[in-house]
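Visitor: Letter by letter, the chains look like this.
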Amino acid sequence: MPKVKVPRKSTAVDMTAMCDVAFLLLSFFILTTKFKPDEALAVTTPKSVSTTPAEQKDVVMITMDDKGKVYFNVSDDASPEKQTIIDEVDKQKALGLTADEKKGFLRAGSFIGVPFSQMKSYLKLPADQVAKVDKPGIPVDSANNELQVWLRAAQTAFKGSKMNLLVKGDNQAKYPAFKGVLDALKRNDLLKFQMITDPEGVPPGTALYQKNNAPRGSQPAAQ
Amino acid sequence: MAEMDTSGGGHQKKGPGVKKSKKLSTRVDLTPMVDLGFLLITFFIFTTTMSQPTAMKLFLPKDTEKPEEQNKVKESGALSILLGNNNVVYYYEGTLAPDGSNLKTTNYKEIRNVIIDKKKNTKPEDFVVVIKPGPDSNYKNIVDLLDEMTINEVKRYAMVDLFPIERQMMVATETGQPMPAAAQPAAAQPAAR
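Just so you know, the sequences run in chain order A and B. Be aware that the first sequence starts at 1, since it is given in this note's numbering, and climbs by one per residue. Be aware that the second sequence starts at 224, since it is given in this note's numbering, and climbs by one per residue.
Isolated chain A, as found in the complex:
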């Protein structure tokens, strides 16, 4: 009897198609990713159970670093507001900034980290130098709260539109710095703001955990 010959098939699969798909996806992700801008301010934010994502547009951000220094910046999509803010501050404090110096605030990713006395020389710095120079931070003590001036200018600039106030603090920032920021906010009647945190799971067994995991339609337990 003749043996039935089973044809031996090669196990090698043509990888070209898969490779095409992989690189198509890869290029898609590369093109759509916006890398976090290289932050001149290294801040490690605390964790919280909050799940609301932080606003990205029309942001007025107050940053506190680990030494308790306070910085102020406005997101880049709000460039007309930025112009108003720097004009307003210039007018209020009679800093006599030239249009060129104002550009130091208007360029993308800029932030303010010096008192008004050093503002002129600080704004003159080219973008790559800003990160390197020693920045004393915006004074927020009760006697000389300069952040208040910045916030008032921001309030004027965002009049009629929604301003998202964000406070981003480092884990190690001390309370007096935070209190200074709160004071500046309160004096401008800005009583609503958000604090940027990293997400964290809700610890099991707590009231919030029970609420989140309560079966649908059931009444919350009386407390």
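It is worth saying that the hints were derived from the structure and are not from the lab. Every value quoted in this text rests on a predicted model; they were computed, and no experiment measured them. A portion of the hints provided could be inaccurate.
[Unchecked claim] The calculated lysine to aspartate or glutamate pairs, modelled on DMTMM-like cross-linking and capped at a C-alpha distance of 20 Å, are:
#: 1; chain 1: B; residue 1: LYS363; chain 2: A; residue 2: GLU200
#: 2; chain 1: B; residue 1: LYS363; chain 2: B; residue 2: ASP384
#: 3; chain 1: A; residue 1: LYS47; chain 2: B; residue 2: GLU376
#: 4; chain 1: B; residue 1: LYS327; chain 2: B; residue 2: ASP252
#: 5; chain 1: A; residue 1: LYS179; chain 2: B; residue 2: GLU389
#: 6; chain 1: B; residue 1: LYS285; chain 2: A; residue 2: ASP189
#: 7; chain 1: A; residue 1: LYS162; chain 2: A; residue 2: ASP58
#: 8; chain 1: B; residue 1: LYS363; chain 2: A; residue 2: ASP198
#: 9; chain 1: B; residue 1: LYS280; chain 2: A; residue 2: GLU55
#: 10; chain 1: A; residue 1: LYS69; chain 2: B; residue 2: ASP359
#: 11; chain 1: B; residue 1: LYS285; chain 2: A; residue 2: ASP183
#: 12; chain 1: B; residue 1: LYS280; chain 2: A; residue 2: ASP58
#: 13; chain 1: A; residue 1: LYS179; chain 2: B; residue 2: ASP359
#: 14; chain 1: B; residue 1: LYS280; chain 2: A; residue 2: ASP198
#: 15; chain 1: B; residue 1: LYS280; chain 2: A; residue 2: ASP183
#: 16; chain 1: A; residue 1: LYS186; chain 2: B; residue 2: ASP384
#: 17; chain 1: B; residue 1: LYS363; chain 2: A; residue 2: ASP183
#: 18; chain 1: A; residue 1: LYS47; chain 2: B; residue 2: ASP384
#: 19; chain 1: B; residue 1: LYS363; chain 2: A; residue 2: ASP66
We have chain A already, so just place chain B on it with the hints.
Guide: Frame of chain A, contents of chain B only:
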């Protein structure tokens, strides 16, 4: 997986003096390239979604000097939490005893039980937590405490500055010195949120 077609060349020779040029296959194994592709994809997926920060909402009360506009706090329902240095938490219920005997020490893990206990034993409408960050506490401590309010669903809480006497008692506990003689009793706090 690599395929190299070597059947054409090699040992067999067609004849003396005849040299056949090797016919190499044009097929390249793409597996490593696919691997690399997917590795990069995973990298990009992770870097895009993981860096989305969340935000915690906070509403401040308006500072007011008028006593009738200030929120009154019932002594029995008040839990004051003092944030000290080196992640130490102090707390007391009601008002602080002049000798500081009801000032207790705990840490950020245990404070949850304290809050839960107090919440259980108080009428909901009286329950209020007063957070008093000391000058040495850091931002993380404050956020942790505010987070604790969310976790335990504390509806009323306030953030108030430390009274001098409380500060002294905190320092005294830290250094192990005797409690300073109370100068003034700690009054109920305004500015609740």
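Visitor: Against the 20 Å threshold, does the CA-CA distance of B:LYS280 and A:ASP198 hold or violate the hint?
Guide: Within the cut-off at roughly 13 Å; holds.
Visitor: Does the alpha-carbon distance linking A:LYS47 and B:ASP384 stay inside the 20 Å limit?
Guide: Violated. A:LYS47 to B:ASP384 sits at ~23 Å, over the 20 Å cutoff.
Visitor: Given the hint that B:LYS280 pairs with A:GLU55, test it: the Cα-Cα distance must not exceed 20 Å.
Guide: Given that 20 Å is the threshold and the Cα spacing comes to 11 Å, the pair holds.
Visitor: Sort out whether A:GLU200 lies within 20 Å of B:LYS363, counting only the CA atoms.
Guide: holds (14 Å)
Visitor: Does A:ASP183 sit within 20 Å of B:LYS280, going by the straight-line distance between their CA atoms?
Guide: holds (17 Å)
Visitor: Between B:LYS285 and A:ASP183, is the straight-line Cα distance small enough, at 20 Å or below?
Guide: Between B:LYS285 and A:ASP183 the Cα gap is close to 11 Å, so the pair holds against 20 Å.
Visitor: Straight-line Cα separation of B:LYS363 and A:ASP66 no greater than 20 Å?
Guide: With a Cα-Cα distance of about 11 Å, the restraint between B:LYS363 and A:ASP66 holds, given a limit of 20 Å.
Visitor: If you draw a straight line from the CA of B:LYS363 to the CA of B:ASP384, is it 20 Å or shorter?
Guide: Holds, at roughly 17 Å.
Visitor: Is it true that the CA of A:LYS186 sits at most 20 Å from the CA of B:ASP384?
Guide: Roughly 15 Å separates the two Cα atoms, so the pair holds.
Visitor: What's the verdict on A:LYS179 and B:GLU389, does the C-alpha distance respect the 20 Å limit or exceed it?
Guide: holds (18 Å)
Visitor: Check whether the Cα positions of A:LYS69 and B:ASP359 lie no farther apart than 20 Å.
Guide: holds (15 Å)
Visitor: Are B:LYS280 and A:ASP58 close enough, with their CA atoms no more than 20 Å apart?
Guide: holds (17 Å)
Of the numbered hints given earlier, the model fails hints 4 and 18; all others are met.
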